[in-house]
Every structure is written in C-alpha cells, then in structure tokens.
Amino acid sequence: MAKAKKRFRVTLNRAWCKDCGICVAFCPAKVFEAGERGEALVAREEDCTGCQSCVLRCPDLALEVEEATPSQAAEAVTHGG
Amino acid sequence: MKARDYLIEEAMPLFWCRGCGNGIILHALLRALARLGKSREETVVVTGIGCFGKADDYIRTHSIHGTHGRALAIATGVKAVNPGLTVLALMGDGDCATIGGNHLIHAARRNIGVTAVVANNLNYGMTGGQFSATTPQGARSSTSSFGNPESGFDLCRLAGAAGAALVARATVYHAALLESLLVEAISCPGFSLVEVMSSCPVYYGRYNGIPDPAAMMRWWQESAVPASRYAELAPEEKQGRFPIGRLGGSDRPAFSERYARVQEAAQAGAGRWIQAGTDR
Ligand SMILES: Cc1ncc(C[n+]2csc(CCOP(=O)(O)OP(=O)(O)O)c2C)c(N)n1
Ligand code: SF4
Ligand code: SF4
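Going line by line, the protein sequences match chains A and B. Under this note's numbering, read the first sequence as residues 1 to 81, first letter to last. Under this note's numbering, read the second sequence as residues 1 to 280, first letter to last.
For the record, the hints were derived by calculation from the structure and aren't laboratory data. For every residue, glycine included, the Cβ atom is placed at its ideal position computed from N, Cα and C. Each hint can be trusted.
Covered by chain A, per the in silico footprint, the following chain B stretches (three or more residues, Cβ under 8 Å):
1) 7-15
2) 21-27
3) 166-178
4) 209-217
Full structure from sequences and hints, please.
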C-alpha cells in the first residue's frame, strides 16, 4: 500500500478574520476561496501541504495549520476529502 | 512558550483595518520572542501613539504606552537603569522618524541596547493618511494630493550612519525573513533597528492606486530585493525597488557596557576624569 499523504487541519477563526483575501491570493496550494460576499473560506483543506505561509501572512492571526491526527486523516479519506 | 502564549487573546480581534500590515508584524514579533524563549517578566514593550503604537495592547509582557514620538526616549531610560531587560520600541514611521527622528539618531549614536521595530507604512495611519518623513517623493497622501514634494528618509541608512549596531529591513510579505531578523536584532547587545515596510491599504494604498490588501502584498513582493542581489542591479533597475535583509551595523560596545565601566570607575573613586574607552 502506498504511504498515506500527510494531512493538515486548517482552522480559520471567523471572529478574528476580516476577509482581506490575502490567504486566498497567496496560498501556493489554493486551499482558500472567496465566498459570494467575499468571505474567506477553507475550500480545499485536503490540498494543504502544511507550508504555513498563510499563517505567517494573515494580518489578523486568524489562521492555524496543524498536522492532522491519524484518526482525523482517516476520517478525511473516508469522506472523500 | 509558544507565540500564542505572548498574545493577549482577550483583546482580540485586532483593532487595525482589514489588510493592515501591523498584525503580520505583531505575529512575527511574538514568534521571535517564543524562539528566543524570552520571559514575559523580563521583556518590556514600549510604544508611542499611532496605529502600530497600539501593538502593546496585544502583547503579554510588561509595557509602557508613551506619547507620540517618545517611545525611544522612554525605552532608553528603561534600558539604562536596568540593562538586564529586553527592551523593544514599537513605532510607526511618524513616531520613529518624523516627530521622533531626533530620538532615533541619538539612540543609535548612544548604541543603547534597545530593538526598534518600525512599521513603515509610508504615512500617518491613525490621523488619516498625512505624509510623513518616509513618504516617497511624488506619492499622494491626504496632505499631498498632487504628489509629495519632499523625499523620504532611508531609515536603515540613517540609523546605520548614526551608529546603530544592527540595521535590517523586511516587508510584511516576507514574514519568515522578518521573524529571523527580529531574532537577530533582539539578540544584539547594542541598538538595533528593524524597518518593516507595511501595508496601510485604507490610506496609502487608496491614495496611490493599490487599495486591495492582496495587491499591496504583491507590491511588496515585487519591490523588495535581497540585499546581495540589489547591489548588483543597474541604476535604472533600482528605481522603485529597495534592499531587504541585514543591511549594516557596527560592533562598537553597547551603552550599558560602557556605562558599567564608568560606574565601576566612579565607585572606585578613580578621580574626576575617567577613561571610559574610545569609540572606534
Ligand atoms: C505630540 C503629538 N503630536 C501629534 C499627535 C497626533 N498624532 C497621533 S498618531 C500620529 C501619527 C501616526 O503615524 P505613525 O507614527 O506613522 O503611525 P501609524 O498610525 O501609521 O501606525 C499623529 C501625528 C499626537 N498624538 N501627539
Ligand atoms: S488572511 Fe486572515 S484575515 Fe485575511 S481573509 Fe485570510 S484568514 Fe481572513
Ligand atoms: S489606518 Fe492604516 S495603519 Fe492604521 S490600522 Fe488602518 S490600515 Fe493600519
């Protein structure tokens, strides 16, 4: 069996985020998307490579990226993520 | 401790505008403190007045919120009487270089062991986007609608020429570089200055055709050039660009080291005239 790809949890703190769009514009893996009202959304968590660049550049400290625990990663796979 | 342990979470969300660079600098500073394992009790953050001057509201160390332009004067006093403390002065370009320019050159000349972190957003954010002593010639602001007739200071060259032990520059786009420059600066025994080119999308950006936060980040990405590469650019390629990284400094003894010798001599009753060592 092929070695499982590392999974990451991308947490966006809605209460701190101001929808500036910096994460949407600069994530190299295009994990984020702007919603209908321009709100920042974590659209493709499964594509996150864990580079942390969104965490460093978010002006509102609203993002956290952590490696998923094995059970969280397994759940993401079952759900087709 | 982790970076978040230095953050006053109860004070969040940040008071700054959408896309303002100040939060990126704040976060880099918290990570630098965590990397150095600085104790909250032995760290003092000094601010003046301005948008970036609100940074101390979010940092769980000792802090003094002073008056506009005087953060470095206050920080100098703190460090002089208690050289064991880690002292940071967080200032906007107005605070540090416009009203506070005199304190900047003397802090550098004295080589006092303070780290100055300047959020240079090229204008006065808090009071509505007026031009400051770092606004580039020709740039628009609320007080230079037809272009700034003055030219801006190069803060790194200014502080370097005045005798700072370490001068460095980053931008809010280059957040990882910023973190490591802050680690270097805070570890430096003499006066260090880290200039951070920062976004004020609502004033500087709006007046100069880049009101979008991501577009301002792109602008920093494109304008900043690593110092070694910048030196090789032809004069026309340097137009609108600036170097980033460690840009200079001198290894003169820090004020506290010299002053300790003066104190020793005075306590030993060495007479009226004290040979405290020469500068260079
Ligand atoms: C002695 C004094 N003069 C003027 C002011 C008004 N004032 C408040 S903040 C500020 C400038 C802010 O610009 P800057 O220091 O660059 O910080 P920013 O808001 O851009 O972060 C001025 C002129 C003041 N508070 N005190
Ligand atoms: S960078 Fe931060 S504040 Fe800006 S949209 Fe993304 S999560 Fe929100
Ligand atoms: S006015 Fe400018 S510097 Fe002040 S918080 Fe808003 S964007 Fe930031």
